[in-house]
Amino acid sequence: AQSVSQHNHHVILSEAASLELGCNYSYGGTVNLFWYVQYPGQHLQLLLKYFSGDPLVKGIKGFEAEFIKSKFSFNLRKPSVQWSDTAEYFCAVNERFSGGYNKLIFGAGTRLAVHP
Amino acid sequence: DAGVTQSPTHLIKTRGQQVTLRCSPKSGHDTVSWYQQALGQGPQFIFQYYEEEERQRGNFPDRFSGHQFPNYSSELNVNALLLGDSALYLCASSLFGTEEYNEQFFGPGTRLTVL
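Chains L and B, in that order, give the protein sequences.
In this text, residue positions in the first sequence follow the working numbering: the first is 139, and each later residue adds one.
In this text, residue positions in the second sequence follow the working numbering: the first is 232, and each later residue adds one.
Treat the hints as calculated values from the structure; they're not laboratory data.
Watch out, some of these pointers could steer you wrong.
Stated by the list, open to error - Label pairs and their calculated CB-CB ranges:
{"hint": "1", "chain 1": "B", "residue 1": "Q248", "chain 2": "L", "residue 2": "K207", "range": "25 to 33 angstroms"}
{"hint": "2", "chain 1": "B", "residue 1": "N308", "chain 2": "L", "residue 2": "A251", "range": "47 to 55 angstroms"}
{"hint": "3", "chain 1": "L", "residue 1": "Y165", "chain 2": "B", "residue 2": "P239", "range": "30 to 38 angstroms"}
What the hints assert, rightly or not - Some chain L residues flagged as far from chain B (calculated, every beta-carbon gap over 10 angstroms):
{"hint": "4", "residue": "N170"}
{"hint": "5", "residue": "H181"}
{"hint": "6", "residue": "L184"}
{"hint": "7", "residue": "K207"}
{"hint": "8", "residue": "R215"}
{"hint": "9", "residue": "D223"}
{"hint": "10", "residue": "T224"}
{"hint": "11", "residue": "A230"}
{"hint": "12", "residue": "N232"}
{"hint": "13", "residue": "F244"}
The model shown is predicted, which means the values in this text are computed figures rather than measured ones.
Note that beta-carbon positions come from the ideal geometry of N, C-alpha and C, so glycine has one too.
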């Protein structure tokens with residue numbers, strides 16, 4: 139079965155610092171990869187996704203992620219964080235089943251706090 | 232374009248009781264998945280409904296059951312509640328058979344507290 143590991147459970151940064159959140163998955167076949175964000179009091183929102191093609195994907199709010207197949211990684215980056223980026227970030231991978239069905243497997247999440 | 236909606240927002244129950252949570256998918260979507268998000272953890276897949284049938288199930292006991300209606304809305308039922316069932320229950324929808332199916336849209340969740 140698929141699994142997703144997020145290396146950092148808590149990250150504290152100052153505004154304008156650069157961000158990189160690690161994510162590794164276990165499955166070696168074709169994958170769809172996602173980063174979701176959960177702002178305080180809000181629902182899970184999609185930041186970005188990788189299905190195929192260019193391994194460097196751009197998302198909303200200046201976030202990007204790089205898919206490195208050889209490392210089973212999909213790390214999230216942002217060059218300069220803002221206080222409004224304070225949230226919990228979840229990496230997820232699609233696990234597929236026969237019949238064309240799938241489910242999302244989530245990492246444990248990384249709680250990011252950005253200080254002004 | 233209405234997103235995924237869930238009701239109620241919050242719920243408090245006692246051990247042994249039963250609970251029903253409700254979800255309406257995003258307009259145009261036909262598949263509903265349910266996830267449990269315990270405090271400090273990522274969401275865990277409970278099951279998925281398509282064409283009114285349970286299609287996939289995660290590692291959850293039979294106390295967790297569901298239903299999908301002809302209008303694609305869904306219910307999650309949990310019987311014989313345990314303290315450990317306290318969590319945020321998330322509903323996600325997608326459109327089966329499309330690339331969009333691989334991306335799930337989440338509702339705001341129902342916060343269940345079991346005392």
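Against the structure, the hints come out as follows:
{"no.": "1", "hint": "B/Q248 <-> L/K207: 25 to 33 angstroms", "in the structure": "violated, 48 angstroms"}
{"no.": "2", "hint": "B/N308 <-> L/A251: 47 to 55 angstroms", "in the structure": "violated, 37 angstroms"}
{"no.": "3", "hint": "L/Y165 <-> B/P239: 30 to 38 angstroms", "in the structure": "holds, 36 angstroms"}
{"no.": "4", "hint": "N170", "in the structure": "violated, 5 angstroms"}
{"no.": "5", "hint": "H181", "in the structure": "violated, 4 angstroms"}
{"no.": "6", "hint": "L184", "in the structure": "violated, 7 angstroms"}
{"no.": "7", "hint": "K207", "in the structure": "holds, 17 angstroms"}
{"no.": "8", "hint": "R215", "in the structure": "holds, 20 angstroms"}
{"no.": "9", "hint": "D223", "in the structure": "holds, 19 angstroms"}
{"no.": "10", "hint": "T224", "in the structure": "holds, 17 angstroms"}
{"no.": "11", "hint": "A230", "in the structure": "violated, 8 angstroms"}
{"no.": "12", "hint": "N232", "in the structure": "violated, 5 angstroms"}
{"no.": "13", "hint": "F244", "in the structure": "violated, 3 angstroms"}
Hints 1, 2, 4, 5, 6, 11, 12, 13, counting from the list given before, are not met by this structure.
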